[in-house]
Amino acid sequence: MSQRPVTIDDIFELFRESERQRKEQQQVVLQSLENYKQASEEALQKYKSASEQEMAELKKIVAQTNKQVGGITSRWGEFVENLVRPAAVRMFREKGIEINFTALSVEGKDNIGSIEIDVLAESQSEIVAIEVKTDLEIRDVKRFLVILERFKQARPKYQNYKLYGAIAGIKVDERADEYA
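Residue 137 in my numbering sits at position 137 of the sequence shown; the count goes up by one each step and never skips.
Treat the hints as calculated values from the structure; they're not laboratory data.
Hints are supplied without guarantee of correctness; some may be wrong.
Derived lysine-lysine pairs resembling DSSO-like cross-links, with alpha carbons at most 30 Å apart [to be verified]:
1. LYS59 - LYS46
2. LYS60 - LYS95
3. LYS95 - LYS152
4. LYS46 - LYS23
5. LYS109 - LYS152
6. LYS109 - LYS142
7. LYS23 - LYS67
8. LYS95 - LYS157
9. LYS133 - LYS157
10. LYS48 - LYS60
11. LYS67 - LYS109
12. LYS67 - LYS162
13. LYS109 - LYS133
14. LYS162 - LYS152
15. LYS109 - LYS59
16. LYS162 - LYS142
17. LYS171 - LYS157
18. LYS171 - LYS67
19. LYS142 - LYS67
20. LYS48 - LYS37
21. LYS152 - LYS171
22. LYS133 - LYS171
23. LYS109 - LYS162
24. LYS95 - LYS142
25. LYS23 - LYS48
26. LYS95 - LYS162
27. LYS157 - LYS142
28. LYS95 - LYS48
29. LYS152 - LYS133
30. LYS60 - LYS46
31. LYS95 - LYS171
32. LYS142 - LYS152
Distance windows between CB atoms, simulated [what the hints assert, rightly or not]:
33. VAL29 - ALA63: 27 to 35 Å
34. ALA103 - GLU57: 36 to 44 Å
35. MET55 - SER114: 31 to 39 Å
36. LYS162 - LYS109: 16 to 24 Å
37. TYR47 - ILE8: 55 to 63 Å
Yeah, the Cβ is synthetic: ideal placement off N, Cα and C, and Gly gets one too.
All chains, please: the whole structure from these sequences, using the hints.
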């Protein structure tokens with residue numbers, strides 16, 4: 001067999017072929033990278049969309065739960081206030097204050113803002129403002145004392161009445177009991 005001698009043109013042809021193959025390979029790699037990038041972006045977008053949808057559903061569930069818990073808490077508070085109301089009337093009558101009117105959730109406004117008294121018991125010349133808590137703590141007592149200071153300004157009708165304050169609770173912190 002006879003081999004033909006390798007010429008400079010043959011070498012250049014090998015370089016050209018090598019360069020062509022390199023460019024083809026580079027195109028394949030670039031296309032693969034582009035496909036990967038596009039697939040990653042699509043996956044990320046799907047993930048974001050699913051996450052946003054799940055977050056919206058979670059927020060909705062939390063809002064519904066908060067509403068339900070708020071309703072239960074409100075009902076529980078009303079229940080406790082309605083337990084305290086007749087007991088307070090009896091207790092203050094025993095102490096010589098003849099209660100002739102009671103009201104729940106009595107609101108008033110002064111120059112600072114709004115106040116609310118859970119149970120208000122009234123006689124001819126005296127009123128008893130009662131704060132009702134399921135879990136009574138010192139901070140509740142302190143807050144109520146501030147409300148009592150503002151009461152007559154927020155409810156001017158009672159300017160000439162003797163004001164008493166009382167606090168009732170289902171679970172009373174020992175320190176709050178001593179503080180009150």
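> Of the hints stated earlier, which fail here?
Replying inline: 2, 4, 7, 12, 15, 17, 25, 28 and 33
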